[in-house]
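Numbering (mature numbering (1 follows the signal peptide of the UniProt record, and there is no 0)), first residue to last: -20 to -1, 1 to 273.
These are calculated hints, taken from the structure and not from any lab test. Just so you know, even glycine gets a beta-carbon here, dropped at the ideal spot from N, CA and C. Any given hint might turn out to be false.
The list that follows gives simulated cross-link-like pairs (lysine-lysine, PhoX-like), each with its CA atoms no further than 20 Å apart [what the hints assert, rightly or not]:
(1) K16 <-> K113
(2) K206 <-> K232
(3) K206 <-> K239
FRET-style restraints, in silico, Cβ to Cβ [what the hints assert, rightly or not]:
(4) R273 <-> S5: 17 to 23 Å
(5) R120 <-> D256: 33 to 39 Å
(6) K232 <-> D256: 24 to 30 Å
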Amino acid sequence: MKRFALAVALVLGGPVQAYAKPVSSALWQDPAVDAKAPARMVAFQLPVDGAKINAVFYLAAGSAPHPTLLLLHGFPGNEQNLDLAQAARRAGWNVLTLHYRGSWGSEGAFSFAHCAQDAATAARWLQKPEIAKLYRIDPRRIAVAGHSMGGMMAARTMAEVSGLRGAFLIDPWDIAEQRRQNQSPASLEDFRRNELEGDLPPLSGTSAEALLTEISQVGPEFDLTKTVGVIADRPLALIYAKRGIGGQYGQKLAAAKGKHGPLTAALWPTDHSFSDHRLKLTALLLQWLGSLR
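The task is simple: from the sequences and hints, build the whole structure.
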């Protein structure tokens, strides 16, 4: 019960418990160069249900198997969070990033359902023995993180793919909650104009109308509160922005998590992209990753 009470307090704006631990030097310091197995970056296309999606794999230095993070961007993905990827790699983690079908040049049509499928496919790809051997992945230590819509997809991936160690959700977007908020014509039109239409240029195979229809028909699989309940027994981080979108239902998510498994939570006075809290966000991610054993 103490853990649950602390979790709710953190969501409401209290200090993050993880900050009692030392901050990783990976926040500011490059690792030693390994001449035999140097850090590197690999860009490729990942096959997903008949399409190929663009992916970039940040590989940590060292010949031993590395823990690996799947990092998912939001809708449409203007904030890539690649500073988080680079810091995690400096800390010894491989980091896989991707663009969902129909986004940023990836093949196929964009939809929220495709985003969830693409994320799960990528996680299972990381677990394949031949891929683990090729990229020096420790398949027992794979975690997932996501921002905004990517937070929803990270939670879904945790729920659908067995063997993942934890999920780090950055101001996650609850699509089912969005459906509930879009009930009036005025709120629906406001969402269309201010949230959807301006984000369509990087996307293909979709439209504002198609996305609104998909949101109106989502089921429990895109209900973040229910999904958090499903993954409540595993390590979870819920990081919110006061000027973002997730804080409005953060307390409900903390309650759904309950006292099952470790929870890290925070509510910070910043915007949805954490524009003036990047180092703080990076430090917390590094500490959270370091806690996954």
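Here is what the structure says about each hint:
1. Simply put, K16 and K113 have alpha-carbon atoms about 16 Å apart, close enough for the 20 Å limit, and the pair holds.
2. Of the supplied pair hints, the one linking K206 and K232 holds, its CA atoms being roughly 10 Å apart against a limit of 20 Å.
3. With a C-alpha separation of about 15 Å, the suggested pairing of K206 with K239 holds against the 20 Å cut-off.
4. Between R273 and S5, the C-beta spacing of about 20 Å keeps the proposed range 17 to 23 Å intact.
5. Judged by the Cβ atoms, the range 33 to 39 Å given for R120 and D256 holds: they are separated by roughly 36 Å.
6. Look at K232 against D256: about 27 Å separates their beta carbons, and that is inside 24 to 30 Å.
When each numbered hint is compared with the structure, no violation occurs for any of them.
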